[in-house]
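**Q** Hey, can you piece these two chains together into the complex? The hints should help.
Each chain, letter by letter, is given below.
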Amino acid sequence: MSDLTDLTIEEAHALLQRGEVSSVELTQAHLERIEAVDGLIRSYLTVTAGQALDQARAADARRAEGEDTPLLGVPLSYKDVLCTRGVQTTCGSRILEGYRPPYTATAIEKLEALGAVMLGKTNMDEFAMGSSTENSAYVVTRNPWDTERVPGGSSGGSAASVAARLAVASLGTDTGGSIRQPASLCGVVGLKPSYGRVSRYGLVAFASSLDQIGPLTRSVTDAALMLNAIAGHDPRDSTSMNVEVPDYTAALRADMQGLRVGVPREYFIEGMQPAVEAAVRAAIDQLAELGAEIREVSLPHTDAALPVYYLVAPAEASANLARFDGVRYGPRVVAGSMWETYRQTRGQGFGPEVKRRIMLGTYALSAGYYDAYYLKAQKVRTLIKQDFEQAFEQVDLIACPVSPTTAFRIGERIDDPLQMYLSDVLTLAVNLAGICGISIPCGFDENDLPIGLQLIGPAFGEEQVLRAAYAYEQSTDWHTRVPAL
Amino acid sequence: MTLSIEEVEHIAELAKLALTDEEKARYREQLSAILDYFNRLQAIDTDDIPPTATVLPLHTVLRDDVPHPGISREELLANTEHKENGMFRVEAILDESP
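Top line first, the protein sequences correspond to chains A and B.
Every number in the working numbering is 44 more than the matching position in the first sequence, counting from 1.
Every number in the working numbering is 3 more than the matching position in the second sequence, counting from 1.
None of these hints come from the bench; they were simulated from the model.
Calculated pairs, SDA-like style, for lysine to any residue (alpha carbon to alpha carbon, straight line, at most 20 Å): (1) A/423 <-> B/45; (2) B/27 <-> A/459; (3) A/423 <-> B/51; (4) A/423 <-> B/44; (5) B/19 <-> A/380; (6) A/423 <-> A/344; (7) B/19 <-> A/384; (8) A/154 <-> A/279; (9) A/429 <-> B/61; (10) B/19 <-> B/93; (11) A/429 <-> B/49; (12) B/27 <-> A/396; (13) A/423 <-> B/52; (14) B/19 <-> A/367.
Isolated chain B, as found in the complex (with noise of 0.2 Å):
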């Protein structure tokens, strides 16, 4: 199978990656030759296998609810230049559509 351009460019947008011509031309040889591979898989019958969720023998675990202190605020924001009023600054988020 090959991907096509249209769905490199799907996928990227998706994950919210800015891609370069080059760069979708490349994964377009590279994802499509890596899931032909995959393919191979369809081979296995898997009609009354259930799928994996853990390896764990675990199921819902839950902790007491007790009250610890935290990392502070200002630790927080440490590692950006990008804050204001002991926040992250971000950029308008409603003028547009995704």
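With the rest of the complex left out, here is chain A (with noise of 0.2 Å):
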């Protein structure tokens, strides 16, 4: 049964669409591949086995009726931040241990809408804060390639669950890179969509004006299928865009004719693995023999962008993260006074990196710095935002590396918050702009660890990224290589 736990959901569809598999056949098989595997990878917080294969059963019986979409029945996994109700949702958090939602998130509503089945809910470094899924209250996950190394973050856990064959695909979320930087280390397509394109409702905000759901799979095509299903306006949230959703499927070609490619001279940064340099300079060669115009660009504030993105969403989060005092959901800590109970019911439900990122948001809004820090930070995002419009009118993609290294060691950076911050360095400035990025597999280290390619977009220019990504992506065979597990 093991190959169940290899198909894409194109291949899964086609499967369960000529009836030779089941979706009862496809649940089980992952549920037994977590029972035999996740104990070394922990990338799940919950396993949902019994409400899975009630799924799996109702998604058979619509099949049986007729029905008959890429999602119906492909068994999928969630990031823990994704609201889901009745089933608990930590956020990785201790200060929202046994939190069962009275709602679901619309991305999920969405996908179980058209039948697909909930695994379980994955391991991500606390409300979304990291780079490595080693800030989790609860457990490490480990890289499927390595495991001594982690697998990336904030989603890591959705990343792990993907390569190892734990779920067909995975919804995480990107607020400055934790999609991408952890598909690249983990070797799975991660894309994070524009602002705007994907309901953020259900999703536990960290910082509301960046924060974006999208998938984590084993091909371009399933990242196609997922956007397809989750896209689009939803009442519930305000900064959803009515724009019209096409069928991102319909936009792969396996040729980059007629687009232009920019490459940006200050993402080649200094103190990068030359192993990701190499990998990514062949990856761009690869774009120029299927048709592609390469073309240097330049974006001048590019250095800018990992302080004003560690004012903006920390200056956020301390904002969103108000709402966690012990009083309407999750454990209290009682401590004599109204006062007192917050106090300590933050202090001991939220972790190191939380906590210092809330005391660095709280200091950047506080009275006589808001002016030197907050609004500095929005005003340079300004200047971050229009590098990449000038960018945009004289190409239609940017390619660069995802990660300036590959997977790195457990607890290598845990004590060294700034060169965790520097992890991202490369992925951070897309959110702040709005835009659209997907990384995807293009080579592998002499550690034999997965190097990512980041292909960005301009806003709802999605179809474009998952083009040259699919014609990348059928050119070379990166994708196809399997950890050993």
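**A** What follows is the structure in structure tokens.
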């Protein structure tokens, strides 16, 4: 049965359609593999086996009635920052231990309406703050390619579950690279849609102007299928744009004729691992082979993205996380007075990185520092956005690395927050500008660790990003390698 | 720049976070280093640049005000043990200053 866990959505759909496999069999095969392998990988925080089999039976019944859509009966995993009605949703934090939301995130609701099966909820850095998934209050997730290394973060559980064949695909969230960086480090495809493309309703907010839900998959076609399912306007999220959702699979073509690809000189930074630079440069040559016109472009404010991000995102987080006070959900530390109960509940419920960012954000917004830090950051953010707008006047896409290094060792960066923040230096600007980006496998380093190519498109430019990613994927075989587990 | 312990305590109080002495010392050191690094922003000329309020071409978004069923009181109270008479139970709020 193990080959059932190697299937993409597209392949699983073909077998389901021909009646060669049932959703129950497919789901059972994944649950068995989770049982066998996830004790080592620890990609899941919660496995919803009983509910998954119920959903699988329901999907099989729908298919027997003649319904046929690509996700009907396909088992998926969801990052534990997405609310699932009645199923524990912790955000990787002690402060939400035992929380069972009374509603489901719109993106998951849409997948469920199409008949997708939920296998469980995946591990993450607490409140999506981190780049290694080591900030989870519960477990350390291991990289399926080398279990002494991190899977990246914050959607590390989602990326590891897809790479280790513990889910056909997954939903993650990306605030500064949290889909693309773990996808790169785990050798899978990760798409960060444009801000406003996917409803954020039911996504527990970290930084509301940057957060976006997107898929992690084992093929570009699967990413397009997932985006088809989750994109679109939602009256419950006023920042979801009312822009037509095309069939993203229709954009996939095996060539890049007529596409202009920009290579930003600022994204090949000092200190980048040589194997990463070599693989990404080779991938760009391959894009040229496929018919793309390659041009050098400049994004002059690239250097500023890191400080801007680490002021804006913590400032928004400090406000968003004010709701966690132990009153309505999560454990309450009763401490004799209301204010002391708040202080103790929050002091004990949040982990070190979350407290660090709440402190940083509170400082940036506090009287006397607002102009110098927060307002300054929002002005420079405008310049970063303008850099991309100017670049996209000359090119259709931008190609660059995702992460300056491949997967690092567990524990290596955990005591040095600034070093950890630097792992996101090539992904943050995309969120600040509200545009879209994808990570796809483009090689392996000397330790057989995966390397990702980042393709960035303008706002609502997902079709051209997916088209280029597909053309590259079809002309290479990096995505066919499987971690030995 | 180096934050003082008093500044760290002031920020923690604004954020309503109880911190241990060890945490205060560590955050003092780490936040000082991070803020130092961030001072590079001051070198960028932003005189005529408006701050980003939103990346979207949206202004005020309104929907029709139509009543619809919400989440039930029982469901909203289901995530805490601290409740009484259909309400969240909290400690007294009027006998101390913040």
